[in-house]
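Student: These are the residues of each chain, in order.
There are 2 protein chains.
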Amino acid sequence: MNMSQALSLFQQHEATLKAAITAIHDRGFWTPYPEHPKAYSETGDEEGKTAFSKMMNENFTELLQEGETGFIGEEVSPYLQLGLGIRYPKFGAKQLIDKAQAQKKNWGNTDYNSRAGILIEALHRIQSRFFEIAYATMHTTGQSFIMSFQASGPHANDRALEALAVAYEELTRIPSEKEWVKPMGKFEIRLDKNWKAVPKGVSLVIGCSTFPTWNTVPGMFASLMTGNPVIVKPHPKAILPIAIVIAEVQKVLKEAGMSPDICQMAVDTLAAPITKELAEDPAVKLIDFTGSSSFGDYVESLPGKTVFTEKAGVNSCLIDSVNDLTPVLQNLAFAVSLYSGQMCTAPQNIFIPSGGVKTAGGLVPYEEVVQALKDAINGLVNHPKMGAGTLGGIQAETTLERAKNAVSLGGKVILASENIVNPEFEGARVASPALIEVNAQDQKIYFGECFGPVVFVIKTKNSEESLALMKQAAEEKGAITCAAYCTDEGMMHHIEEEMNEVFTPVSFNFTGAIFVNQHAAFSDFHVTGGNAAGNASFANPDFVNRRFVWVGNRRIK
Amino acid sequence: MNMSQALSLFQQHEATLKAAITAIHDRGFWTPYPEHPKAYSETGDEEGKTAFSKMMNENFTELLQEGETGFIGEEVSPYLQLGLGIRYPKFGAKQLIDKAQAQKKNWGNTDYNSRAGILIEALHRIQSRFFEIAYATMHTTGQSFIMSFQASGPHANDRALEALAVAYEELTRIPSEKEWVKPMGKFEIRLDKNWKAVPKGVSLVIGCSTFPTWNTVPGMFASLMTGNPVIVKPHPKAILPIAIVIAEVQKVLKEAGMSPDICQMAVDTLAAPITKELAEDPAVKLIDFTGSSSFGDYVESLPGKTVFTEKAGVNSCLIDSVNDLTPVLQNLAFAVSLYSGQMCTAPQNIFIPSGGVKTAGGLVPYEEVVQALKDAINGLVNHPKMGAGTLGGIQAETTLERAKNAVSLGGKVILASENIVNPEFEGARVASPALIEVNAQDQKIYFGECFGPVVFVIKTKNSEESLALMKQAAEEKGAITCAAYCTDEGMMHHIEEEMNEVFTPVSFNFTGAIFVNQHAAFSDFHVTGGNAAGNASFANPDFVNRRFVWVGNRRIK
Chain U
1 MNMSQALSLF
11 QQHEATLKAA
21 ITAIHDRGFW
31 TPYPEHPKAY
41 SETGDEEGKT
51 AFSKMMNENF
61 TELLQEGETG
71 FIGEEVSPYL
81 QLGLGIRYPK
91 FGAKQLIDKA
101 QAQKKNWGNT
111 DYNSRAGILI
121 EALHRIQSRF
131 FEIAYATMHT
141 TGQSFIMSFQ
151 ASGPHANDRA
161 LEALAVAYEE
171 LTRIPSEKEW
181 VKPMGKFEIR
191 LDKNWKAVPK
201 GVSLVIGCST
211 FPTWNTVPGM
221 FASLMTGNPV
231 IVKPHPKAIL
241 PIAIVIAEVQ
251 KVLKEAGMSP
261 DICQMAVDTL
271 AAPITKELAE
281 DPAVKLIDFT
291 GSSSFGDYVE
301 SLPGKTVFTE
311 KAGVNSCLID
321 SVNDLTPVLQ
331 NLAFAVSLYS
341 GQMCTAPQNI
351 FIPSGGVKTA
361 GGLVPYEEVV
371 QALKDAINGL
381 VNHPKMGAGT
391 LGGIQAETTL
401 ERAKNAVSLG
411 GKVILASENI
421 VNPEFEGARV
431 ASPALIEVNA
441 QDQKIYFGEC
451 FGPVVFVIKT
461 KNSEESLALM
471 KQAAEEKGAI
481 TCAAYCTDEG
491 MMHHIEEEMN
501 EVFTPVSFNF
511 TGAIFVNQHA
521 AFSDFHVTGG
531 NAAGNASFAN
541 PDFVNRRFVW
551 VGNRRIK
Chain L
1001 MNMSQALSLF
1011 QQHEATLKAA
1021 ITAIHDRGFW
1031 TPYPEHPKAY
1041 SETGDEEGKT
1051 AFSKMMNENF
1061 TELLQEGETG
1071 FIGEEVSPYL
1081 QLGLGIRYPK
1091 FGAKQLIDKA
1101 QAQKKNWGNT
1111 DYNSRAGILI
1121 EALHRIQSRF
1131 FEIAYATMHT
1141 TGQSFIMSFQ
1151 ASGPHANDRA
1161 LEALAVAYEE
1171 LTRIPSEKEW
1181 VKPMGKFEIR
1191 LDKNWKAVPK
1201 GVSLVIGCST
1211 FPTWNTVPGM
1221 FASLMTGNPV
1231 IVKPHPKAIL
1241 PIAIVIAEVQ
1251 KVLKEAGMSP
1261 DICQMAVDTL
1271 AAPITKELAE
1281 DPAVKLIDFT
1291 GSSSFGDYVE
1301 SLPGKTVFTE
1311 KAGVNSCLID
1321 SVNDLTPVLQ
1331 NLAFAVSLYS
1341 GQMCTAPQNI
1351 FIPSGGVKTA
1361 GGLVPYEEVV
1371 QALKDAINGL
1381 VNHPKMGAGT
1391 LGGIQAETTL
1401 ERAKNAVSLG
1411 GKVILASENI
1421 VNPEFEGARV
1431 ASPALIEVNA
1441 QDQKIYFGEC
1451 FGPVVFVIKT
1461 KNSEESLALM
1471 KQAAEEKGAI
1481 TCAAYCTDEG
1491 MMHHIEEEMN
1501 EVFTPVSFNF
1511 TGAIFVNQHA
1521 AFSDFHVTGG
1531 NAAGNASFAN
1541 PDFVNRRFVW
1551 VGNRRIK
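Residue numbers (my numbering), protein chains in the order written: chain U, 1 to 557; chain L, 1001 to 1557.
Pulled out of the complex, with its shape left as it was, chain U reads as follows:
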């Protein structure tokens, strides 16, 4: 390693690291990566679009890992309904693991400051490519441009830096060496002790199709910071955004005199997947996974692995009482429509008491609330300036089918999912949310995750029943978020206590420009890790501590 290079990177970024460590304790707002595109270069958008266009129909040659056996790729733009034509170097599972294994000792023995310097510098380089990454995300996931920019750019970098900062703090909480002196009456025993955070081994990070960088970088940076070589296996339909991120990490590694194989990308296709071969290899000790519950359960069941999962859950919203119904339903309409419900944090089940919702202006009957929610969703999705942008595109054909089929689930159809035209991309796969009304007892309909633009309104006896069902769903099926609208302090306390007991966070009375879907780095834990929606959390101490083992050695003086 070029020690002076790594050291100079650390010095350059030490203030950022220290601020990040302060931020994870303060938990007020902080970020070194502004979230608005306008905070960046004026020509950035145009340049990013051009750079993305140039990548299409070419081999992706930025990665520094060598020995590929060919080039593969099958990404399709949900906006263009067209293959991107980008092909990535192909490697066999064993080849990737052998290369990662070969870097284990070298990276594991690299000091914490050098690791931190290299990784924060990589985030800095990634920042200069936010626009490209945004277009790459848009045309793989179907997210709108602005969501693509924010989620895959600044917000992903935030989460990566957060994981790195949590890891750095954990690694440095215990002294690396200490003289231990035990008084024995007439004499003393003196030992020189040291403590080492020994990395667990090769780390596999399995990405998802909807948030290819945001959900991948926390595990990737946590594993790298704690000294584990990483293999990132993106979803075959969403590779480009993370490929750019990995390429930047590899470049900085190489500049610091380290092997790019410390952080490799593994690409496969839907027809010939290599994820299981990677995951089951005995050398792979750590697995991060974002995706379906069935594959997540499989990953969690693998013996001898430390596993971090984010799986499916059923997020709920309880409406009990509000000051003014209009901003509440506008906020909810946006929350369920944003990226067509393809966020793991999006509400799916909205519980409304049959007796109506208390407001400052009196009780609003149940039917009126449902009608107003319908109107709010319709108003948003059909809004010429906001509709298509809010919905974004549907990432997968199966998600669209699920939305279309919602009308035949058995509930009362308030809104069917309809095709929406995005004026900018006429053939884009865009659909409005289906809104289905069901009764409290129809749990077989609304207790499972219905990923995508499907929303259930559940008519309950009262808010106590709403809460009981919401709690039961979270306990049995898992939940990442829970929204509650309530003006009564006692009831709010009760809701919080009940939902927290099933390890589900509650967001109260969100209106305006803040939505239950949003989890802010350096403040909100993403997924609690306590229920069926996943066993890990971005980024609590567990998220990093389980990637290494403290080993202490002693020597007589």
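Just so you know, the hints here were simulated from the structure itself, not pulled from any lab data.
Only true hints are included.
Just a few of them, taken from the derived set where beta-carbon distance is under 10 Å, the chain L residues facing chain U:
hint, residue
1, F1029
2, K1105
3, W1180
4, L1191
5, K1196
6, N1500
7, F1503
8, F1510
9, D1524
10, G1530
11, N1531
12, S1537
13, D1542
14, W1550
15, I1556
Once the Cα atoms are required to be at most 27 Å apart in a straight line, the calculated DSSO-like pairs of lysine-lysine come out as:
hint, chain 1, residue 1, chain 2, residue 2
16, L, K1182, U, K385
17, L, K1276, L, K1090
18, U, K90, U, K54
19, U, K104, L, K1471
20, U, K178, L, K1471
Calculated Cβ distances over 10 Å to all of chain L for the following chain U residues:
hint, residue
21, S41
22, F71
23, K90
24, H124
25, S321
26, T390
27, A396
28, I420
29, A468
If you're wondering where the values come from, they're calculated on a predicted model, not measured in any experiment.
Ideal Cβ positions, reconstructed from N, Cα and C, are used throughout, including at glycine.
Place chain L on chain U using the hints.
Tutor: Structure of chain L alone, referenced to chain U:
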């Protein structure tokens, strides 16, 4: 709860808590509980012996848990070879779990300071009973009086306080509430946030027969401090020491206006065990286990539980080079003889190169080293003042049989295990260690844990082979300790790196009054949690963090 009582306990013990938190970061020597009996009351020994004698052949009525269905007990003193006749209140598994469940909310909502105040006060009360606990430990485990006093008294209290301090620090690392203010250009979003460490649920702590308090209190205090109600299920042959501990916890709970059911004891018999019924109950979310690998593997395999295990391992010692062989072999003789190898930290396999051991006075041939080790062990165990006290008693008949049968394992018998007479307890089950010489390739003989007084000398080609075999054994079978004698800095570095890679700590060149068997609280992690010897560590952050879930709630301002 009597809040003023709990608060006053916290104020009383706050300085101890703060010092403990400082100590876990400093990792130099610290303890609030002196380890020498002479540091306590002069009449303590006599009073403790009397108190213990009075308990014999009586029902144990100190516990404050109610509704027992009878009294049971079958402890036998390895020294007296006589049943203690002490009977403990009997409860059904379901009964215990229902009572624990009933305390979940109450204890979970008790503030951290109150929990800490109650628990440190309990340790303080336990301290006043160290002598009784020592006799209870001696006559259940077979430990010598001095080891019983230290291990079950001050050292156990140290580990309990350490776990509590680690937990307290983790719980208070994140603010309980914070205003989050996000600048949005022309306006700001303001949220009131809170974070709660939600306890996972009922905690089951399964004790072992050899260290009934030392191995039990870390999990017990970690679970209690993080808000989980605890059920302690001691080994049916070693109940009394932990019964006294639990009784003291229950008394302080009651005085503070809390239910004693927050910390219950579950007693069973070898013929009618209830451990599996407790462990498999869905309400039990946390399990701490110390004992055999087979039962530990079963506990680890239970779905939906967070499990902390200490299982069996194979501890090794490598002799490469020394200054002076005599103090080295004296130290080793003591380490293998102490409590007859019934410590999870005792060395079992001693690797010696066939070419001999380098010393300051020249090379000592292999045969001479083995002879000197034999002499050192013989000298110790037959020493009229030290022998019986060092060996202690054999806790279980099967352990004695294993030692006796070591002569027929297939190696060359250097020393057969022989009965040793303890002048104080003539019928005591006391045996000297068997010392068996094997070749490097006889792995089927020495690669398994041979619990008790059985030591193998393994003749290797050279120290490289010693190290390779030692590493392989740790990787395949697990290891808690590793001793190495080596005067070459490069080789020491190499040994440390190799053994640390399989998550095994190394103790170098121990001579004099410090032994590889000893792990000091507030400094040495006990078990790394990284190899097959166990998945948990006293007491790293993981040991407490996995007992609760961070849940954050948000509210618009």
